[in-house]
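All chains should be built: construct the whole structure from the sequences, respecting the hints.
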Amino acid sequence: MAGTETRQRRHLLQIRLTAEEAARIADAADRAGLTAASFARERLLEGRLPRSVRQPPVDRTRLGQLLALAGQIAEDLRGLVRRPLDPGHRPIDPGAIEACLDTLRDLRDGVITALGREP
1 MAGTETRQRR HLLQIRLTAE EAARIADAAD RAGLTAASFA RERLLEGRLP
51 RSVRQPPVDR TRLGQLLALA GQIAEDLRGL VRRPLDPGHR PIDPGAIEAC
101 LDTLRDLRDG VITALGREP
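Residue 91 in the numbering used here is what sits at position 91 of the sequence shown, and the numbering runs on without skipping anything.
These aren't lab readings, by the way, just hints derived from the structure by calculation. Be a bit skeptical, because a hint or two may be false.
[Unchecked claim] So the derived label-pair ranges between C-beta atoms look like this:
1) 95 / 21: 14 to 20 Å
2) 74 / 28: 31 to 37 Å
3) 58 / 91: 20 to 26 Å
4) 12 / 102: 46 to 52 Å
5) 21 / 58: 20 to 26 Å
6) 28 / 105: 30 to 36 Å
7) 95 / 65: 21 to 27 Å
Here a beta-carbon is modelled for each residue, glycine too, at the ideal position from N, C-alpha and C.
If you want it as structure tokens, here you go:
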């Protein structure tokens with residue numbers, strides 16, 4: 001059994017929601033930096049409860065941009081790998097590899113920032 005035996009919140013409240021209601025609650029909780037359960041608890045008890053640990057809000061738009069950047073990096077690397085297979089190929093430019101690595105570093109930093117952390 002996971003968790004601790006000294007758990008203070010032993011009672012469970014379940015509600016049925018439509019898909020739209022569940023999505024609205026999930027979006028509101030995400031904007032507040034809370035889980036859906038913590039958000040519901042806070043709203044139902046009108047904020048009179050010990051504060052939950054807030055999750056940093058996730059910048060979904062930025063993560064989408066970073067996902068596109070990851071695709072671009074993959075395409076660039078794929079081109080570098082295939083180049084020696086083409087007849088009359090030129091040697092791989094070390095600058096092109098360095099540019100891919102720089103973009104990967106930017107991608108990593110962007111993901112960390114979008115998740116609300118310091119790179």
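Requested in this report: Provide an ascending list of the numbers of those earlier hints which the structure does not satisfy.
Outcome: Violated: hints 1 and 3.
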